[in-house]
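Protein chains: 2
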Amino acid sequence: MNIADFTERELIARIQRKLPVAPSWMAVGIGDDAAVVEPERNRLEVMTVDAVVDGVHFDRCFTPPQAIGHRALAVNLSDLAAMGAAPRLALLSLSLPSDLTLDDFDAILDGIVALAATHQVHLAGGNITRTPGPLTIDITVIGTVKRRQVLTRSGARAGDDIYVSGTLGAAAAGLRALKHPVEDAEDGARRAERFPLSASSSTSASSARYLYPEPRVRLGLLLGRNRAATACIDLSDGLADGVRRITEASGVGATIEASAIPIGPGAREMFSDNAVIEVMSRGDDYELLFTVRPRHAARLSAARRHGGVALTRIGTCTADGILTLAGGPSSQPFPTGYSHFR
Amino acid sequence: MNIADFTERELIARIQRKLPVAPSWMAVGIGDDAAVVEPERNRLEVMTVDAVVDGVHFDRCFTPPQAIGHRALAVNLSDLAAMGAAPRLALLSLSLPSDLTLDDFDAILDGIVALAATHQVHLAGGNITRTPGPLTIDITVIGTVKRRQVLTRSGARAGDDIYVSGTLGAAAAGLRALKHPVEDAEDGARRAERFPLSASSSTSASSARYLYPEPRVRLGLLLGRNRAATACIDLSDGLADGVRRITEASGVGATIEASAIPIGPGAREMFSDNAVIEVMSRGDDYELLFTVRPRHAARLSAARRHGGVALTRIGTCTADGILTLAGGPSSQPFPTGYSHFR
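First to last, the protein sequences are chains A and B.
If you're matching positions, the first sequence starts at 1 in this note's numbering and goes up one per residue.
If you're matching positions, the second sequence starts at 1 in this note's numbering and goes up one per residue.
Each statement offered as a hint is correct.
Within a straight-line C-alpha distance of at most 20 Å, the following computed EDC-like cross-link-like pairs (lysine to aspartate or glutamate) qualify:
1. A:18 <-> A:104
2. B:146 <-> A:40
3. A:18 <-> A:106
4. B:146 <-> B:40
5. B:18 <-> B:104
6. B:18 <-> B:8
7. B:146 <-> A:38
8. B:18 <-> B:110
9. A:146 <-> A:38
10. A:146 <-> B:40
11. A:146 <-> B:38
12. A:18 <-> A:8
Note that these hints are calculated values from the structure, not bench results.
Modelling step: build the complete structure from the supplied sequences, incorporating the hints.
Now the structure itself:
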C-alpha cells in the first residue's frame, strides 16, 4: 500500500494521531488554513527553514525512513542551536512521490515526531503535496531567545579562542560506509590489522552519527545564556566553511591547529593520512563552532558540564584576516567547505 | 547561463539585492543560521506553509517564471487572509533543478518580491538547494492577528448566510486555455458566434486569473476586524471543497444556490452547460468563502467598500448537516473538491 491510495486529508489525519496534546499556546492547530500561536513574552523569535531532498541530502537506498525524518528536523534544530534559541514549533511541508509506501511515510513521521518530542517541539501545521520528483521534506522551525542571548556569526574578535563541540568527520565516514559497505568492509579488514579499534564497530558508530545527527540545542542555549560565546555557527557544511563564515562575518582571520581538531569515530581510519583535510571539508556533522574571549573562558563551565558534548579548543581568531591551518600539510591551502549546490 | 554555475551563497546574494531595506523588527536577517524577529505586541501569530511543484501546481511549459514566483507566495497569503491575519514575513525554500536558467531564477524571485512588496511582507530568510527533480518552491508565511479577530472554519451556525468573494472558475478556464491554446482558440471561434464576449479577451482575462491569483488579504482583515464573518476559508481547492470543510468544522449543513454562484470570465463559455459543477469542483480561485449571521449583515459594509472585490451571497447554512445544490442539475450530488494528492 502506498501513499497514492490516500487523500491529503487522510495522510494529515495519520500525522495528527502521532502527535501529543497541543500545548496551551497553540490557539488554532492543524486543520485550519493556518496555525495560530500565542507568542512567548519578552522573547525574540528565531526562525529557519531547510529542505532535505532524496538524492541530495540523503539517499533512500541506504537511509532508513526514520533517519530521513530525523535528519529533516535535526538540520533545522541545529540552525536554531547555533543562534542560542530554544525551539518551540515546526511546520512540515512534504513533497511525496506517489510510490512512497505507507510504512515509509509512517516511519518518516515517527523519526520527526521522536526528535520533536526530545526537544519539546510542537508540530503546528504543514502541507502535503505529491511530486513527480524525489521525496523532499521541508521543515520550518521557530524558537525563541532572550534579546541579549542571541548568538550570531559576527561577534568574534581577534584573540578569541575557537572551539568546536563533539568530534568531526564521523558523519562523513559513516556516509561513506553506508554508500560502499562491501568495499569498505574489505578495507576495514585490512585496516583492522593496523588499528586496535575494530573496523565494524567504528563503522556502525560513524553510520549512526551520519544517520541520526544530534542537534546541539542544549549546548547552544548554554552558550547564549551567559554570553559565553561571542559568535556561533553550526557545522552543517563542514569546519572549513564554518571558520570561513564566522571570520568573514566578524571581520577577523583564524589559525586552526590541525592537531587539535577532534576527529570522530571511523574518520581517522577511513581517511587515514588526509583525515584533517577531509574532516574539515565535509559536512553533516551538525556540531557547533563558536568563539570565546579568553578572559571569559570560565563562562564555558556550564556548557561543559551540561551541554551534553565535549568542547575542544582548536584555534584562535587573528587580526590579519587570513585563514591558516597550522601543523597541517604545509602545501595545503585552507580547505573550502562542502557546497550542497555547485 | 544557468544556476548550476553559481554557489548557494551567490544565489542568496542575488536575492538579497532585490529586497528592500529590512524593517526595524528584523533583529537578524538573511545571512546567519536563522532569522531573528521582534514579535508584534498584543497579537497572535498566524503561520502557514505551502509548496508549489512544477508539474503539479504549475507547468513551466506555459507558466512564466514571474507567475510561478507570484503563485508560490500568493497561495500562502491566501491562507493567512482566510484567518483574518496581516502577513508580516516569509521564509523561502527553493529546490532548484540545475538546468534552471539564471534569467528564470531572477524572474521567479521578481514575482515573489513584487507580490511581497504589495502586501508589505518581508523576506526574512530561507534556503536554496538543488534537486534532481522538478522546481519546487516552498514558502512559509507568518502574520499576526488580534486575538478576537481570528477567523476559523468552525464558527458557522445554522442560519448563517454563505458568501464568496469575486468570481469563480476563471482560473480553471485560464489554465485550460493555457494548456490547450490552439484547440480552445478554435472552440472560442465557434463559441464567439454564440457569445457577445470575444473569446480571445475572455481567454486572456481568465489566463491572467490563473497566472496571477490575487490573495484577498485586505478582505480577510476586514472580515475579521469587526467580527463580520463567523467562519472563513480560502478556495484554493474549489468551492465544493470549501463548503464541505466549513460545514464539517462547524457541524452544520449548507444549501448553495446554483444560480447565485458568480461565474468568472471565460468559465461559462468554456464549461458551458456544466459550468456550475465545473466551477464548484475546480481549484486555484483563491477567493474567500465565509459565513455571516444575517443580523450582522451590516458589518459587511466595510468589507464591501474597502475589500477590493465583490461579495456575493450564494447560500445558507442549515441545521441538517446535508449539503445541497439548489437549482442545479437535479441528479447531481454535491460535487467533491479538487484534490492535489489523489
